[in-house]
Amino acid sequence: MRLESGFLWLAIVTLGLCLTTACASPAPEPELLSPSEEQMKLRTMQSRTFDVADRTQAVRAVIAALQDLGFIIERAHESLGLVTAARFAEPRYYDVMGITVTVRPQEGGKMLIRANAIYNNEPVTDPKVYQNFFATLERSLFIGRN
Amino acid sequence: MRTTTRRSEPAALAAIALLASACATPAPPTELLSLSPDAPAHKAMQTRMFETSGETELLSASAAVLQDLGFQISESVLEVGFLRATKERSAREYGQEITRFLVFLLSAAASVLGGSNAATVIPVDLHQQINASLVARPLDANGSRHEVRVLFYRLVWKGDGRSGDQYIAPGDQQMQMIRDSGIYQQFFARLSKAVFLEAHKI
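Residue numbers (numbering that gives the first Met the number 0), protein chains in the order written: chain A, 0 to 145; chain B, 0 to 201.
Since the hints were derived computationally from the structure, they do not count as laboratory data. Heads up, a few of these hints could be off.
Facing chain B, a subset of chain A residues (Cβ under 8 angstroms, in silico) [as the list claims (entries may be wrong)]: (1) Ser4; (2) Gly5; (3) Phe6; (4) Leu7; (5) Leu9; (6) Ile11; (7) Thr55; (8) Val58; (9) Ile71; (10) Val128; (11) Asn131; (12) Phe132; (13) Thr135.
Straight-line alpha carbon distances no greater than 35 angstroms define the calculated DSBU-like cross-link-like pairs of lysine-lysine that follow [what the hints assert, rightly or not]: (14) A:Lys109 - B:Lys42; (15) B:Lys192 - B:Lys86; (16) A:Lys127 - B:Lys192.
The C-beta atom is built at its ideal place from N, Cα and C for all residues, glycine as well.
Isolated chain A, as found in the complex (with noise of 0.2 angstroms):
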């Protein structure tokens, strides 16, 4: 009988601490929407000035870099200075990268661009990567002018 009742009662308790566990929901961290030192890393890392002082030209100059890396061109806005494009990594179709570029123009004839690319659904943090975008973008800009 004895034995039943102390059964009886840790069954209570742990029901007990079980339901106030699943009450108390965890507090958001008070840093959650504060840029961290990575997020910075990644925006130096994305973005790039160059001495464009016509935004449609350089607009056209994303257009084209993009397309000349076998991207398929799925949004273009020229007023927000925004493209947005897909490829799938030949010939493993189900990798799938995207990405979308913003141009904006800066103070002294100057335009910033700033690259985000997705690959599976997944930020890409290599620098590398966006060095080799912009060599791209770079030859595309150059090529437009002349």
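Given chain A, work out where chain B should sit, using these hints.
Just chain B, lined up with the frame of chain A:
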């Protein structure tokens, strides 16, 4: 006894390695976003130059050609000379249907002989969506010459199938770039005709 344990060691190691590699997602290769060796060839196939000063006319002629080919224009941005078009078609092919039938016959015969259910129905392509992404852009400062670059690709949806007792659900999707130069030549032949007609208001 010793020899068996020694033999099983590499097998166990291989199994562990396989498990470890299955868990790790492959890192994206570093040569991503760099030009592939066949990029110039693709560019040459997908691009044509037109001696025309009217970019709007060039785009509307391109849209007209795509419409003639049965495409629906789904997006257009005049400022950057961008057009996107799609068409839906059946993807059924005789070759695939015949293969499916032969595989079914053979596997059914095998299941009758072997006494097990090995009847296989391989899924075939049912439906396809053909997409075109087209960009026109000026080649010089005064805009007297323009180039048009078009890219065709298709998405194919497979039907259902069966492998023994295992049912294969329909809807498996597959994507394919269209690299047939004949299709691009055909498109550009029509486009140069349309540009000529557009320029002379015929």
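(Q) Of all the hints numbered above, which does this structure not satisfy? Sort the numbers upward. (A) 1, 2, 3, 4, 5, 6 and 16
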